[in-house]
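Protein chains in written order, with this note's numbering: chain C, 1 to 228; chain Y, 1001 to 1460.
Simulated from the structure, these hints should not be mistaken for lab results. Don't take every hint at face value.
To be verified - Straight line, CA to CA, 30 Å or less: simulated DSBU-like cross-link-like pairs of lysine-lysine: (1) C:K173 x C:K200; (2) Y:K1067 x Y:K1097; (3) Y:K1067 x C:K173; (4) C:K183 x C:K173; (5) Y:K1334 x C:K200; (6) C:K183 x C:K200.
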Amino acid sequence: MRILVVEDDVMLAAGLVEGLEREGFRVDQLGAAEPAEGALGLTAYDLAIVDIGLPGIDGLELIRRVRRRGVLTPVLILTARDGLDDRVVGLDVGGDDYLVKPFLLPELLARVRALIRRSRAAASLVLAVGPLSLDVQRHSAMLGGTALELTGREWNVLEQLVIAVPRVVAKQKLADSLSQWDKEITPNAVEIYVSRLRAKLAGSGVGIRTVRGIGYRVEVEAGDAPAP
Amino acid sequence: MPRRPDARTLRHRLLLFISWPLLVLLGASMVADYRSALGIAGEAYDNALSRTAIALVTRLERDDDDKDIEVDMPPAADEILRSDPQDTVQYVVVDDKGKRIAGDAALLALPRPAVANTAVLDDAQLGGQTVRTASFRYESPALAATVIVAETTVKRTRAARQILMAIAWPNLLLIASALLLVYFGVRFALRPLDALGERIARRGPGDFSLLAEADVPGEAGPLVRAINRLMGHLDKAGRAQQAFLSNAAHQLRTPLAGLQTQLELATAELPPESRPRIQRLSDSTRRLVHFTHQMLALARSSSEGALISDHRPVALAGLLEEAASDLLDSALVKGIDLGFETAPATVEGSRWMLRELIANLVDNAIAYTPDGGRVTVRCGCDNAGSAFVEVEDNGPGIPEAERGRIFERFYRVAGRGGEGTGLGLAIVREVAERHAARVEVEAGAEGRGSCFRVVFPPPG
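The shape of chain C in the complex, shown without the other chains (with noise of 0.2 Å):
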């Protein structure tokens, strides 16, 4: 998987592309925005990581200028300023997650597998955590190399939470996008759902964890994780 990152700070840009290289993504490095449009309008990236600020053109000006060419490679935006007008603009002309400097390594790289995740669930491509992964196309998913069975709604809880990892979704939502497309379903019956899914997914090193009074997210279980 190829990633561009456009950062002009020669230590952070370097510790960020050593960070994604260990981690198996092929990765291209560029300083400014103008270089930058282009490699992005020829190049198929499955992800640009994007700071807001790079001398001349800045980060927003060039996200703005590259979706107006169609290009819908997912962006992540690195900003120095953690002001909400920043992040909106952002999300607004275009990019898809932001990342406040400075931030843990981890964390970019959980953000990074989320937003290529969320692009292929887009895509109709499987996304995966841990040894879980869901064919959104065709519907199915496999536990550790064994299909795992699931009913259409079990289906589409851990679709909802997959896709949102590493967030959490609100119970509330879960209900709603269950109701979508069947009769009422209140969120008390989420609750029927989710404990399904626990009792196929228990002991595969992927759970769902309750965040009491909000909803559930699924984490990979470590082995020295406190207990939930």
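Given chain C, put chain Y in place with the hints provided.
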């Protein structure tokens, strides 16, 4: 001019400077009217008195032996002379040598006129009473004598009183209506200024738009222009501050991001014996990163930094759901059960700042709650309709004596570890102040732990 308490407002000054001169003028005109009316009335009475004196003179004659002067005054005439219904009229006729010829001896004490053959009018005191006198010194080759007629002033006083009443009522009415007209006139004239004041008072803290000069009176023009200039300066200062913070943020955060990333990469490469050293470096860097973030957040949320307002309606439940994902991991590291209880509540505010407020309250609760503890975040509306956010933990709690100080910048409760910057709760306080909200701290449920509650002002 010394400032008097009642001269403080323009309205008072106008009323003062119009009413008092007006009152004095009207008073003076009333006095003048009274005096002239009194003069006319007095003249009529004086004429009558003079005529009496002259009539007496015409009755002077030489007696038969042509030696003495006498008055041809039958008792009936004397009766008629003294027959005034209100006043006592007295008279005396004196010859050249000062000898009384006729009339009342009491009048002999009165002065006699120096000029001859003309009636002289005067005021005098007679037996403790004020009297009006008309005296006439008659001189002819045939005879010389002086006639003095004195009359008490009862009808003159009464006439004066009647004139006074007749003049006073219309004048008082005039004064009252003039003052009333002035009062309402001033009020009406100052209405555009009141409206201008209200328009300025109604502005939000971050509203630096210029005041329209068209609908204010010309006199207020310089004031409005001065206010507009000030607004312009504030707006520019606010924007400059924001621009500075944003540049500072970029210049601080980008190298920190590089440093942090390089350190993380180095951790994996170095031989095991160097790991503790690099771990210490990483820890310090993380603290520096956190501190930088807190400093910038505080600078942006403080009054100086938040001149530019970005307030919009923010749904608190949605904000908590959004924050949950970010806060969950730090809770999981300590095995803390982080839970939420949300009810619909909307606050007019800055989404970014409110998120900082929630994140700092939760970070604080997580930092000071022992492993395996419980932190619950709530939002909703209280009975008064005020939206609130609440973060409760079951940690050791905060001694009551410390509760007033924990919101100070860089203050940290003694004997409590953690890697806090001492800025988290200061940010909470600043953000609360930006939103006119109050922050309450009390013990948590069953007297354990602590509960931070931010109550926003009720809508409207």
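Going down the list of hints, with the structure as the test:
Of the pairs offered as hints, the one joining K173 (chain C) and K200 (chain C) holds, with about 22 Å between alpha carbons and a cut-off of 30 Å not exceeded. This hinted pair checks out: K1067 (chain Y) and K1097 (chain Y) have alpha carbons roughly 13 Å apart, not beyond 30 Å. Restraint check: the Cα-Cα separation between K1067 (chain Y) and K173 (chain C) comes to about 143 Å, which exceeds 30 Å; the hinted pair is violated. For the hint linking K183 (chain C) to K173 (chain C), the alpha-carbon distance of about 15 Å falls within 30 Å, and the restraint holds.
For a cut-off of 30 Å, the pair hint linking K1334 (chain Y) to K200 (chain C) stands: about 28 Å separates their Cα positions. For the given pair, K183 (chain C) sits about 25 Å from K200 (chain C) by alpha-carbon distance, which is consistent with the 30 Å threshold.
Of the numbered hints stated above, the single one contradicted by the structure is hint 3.
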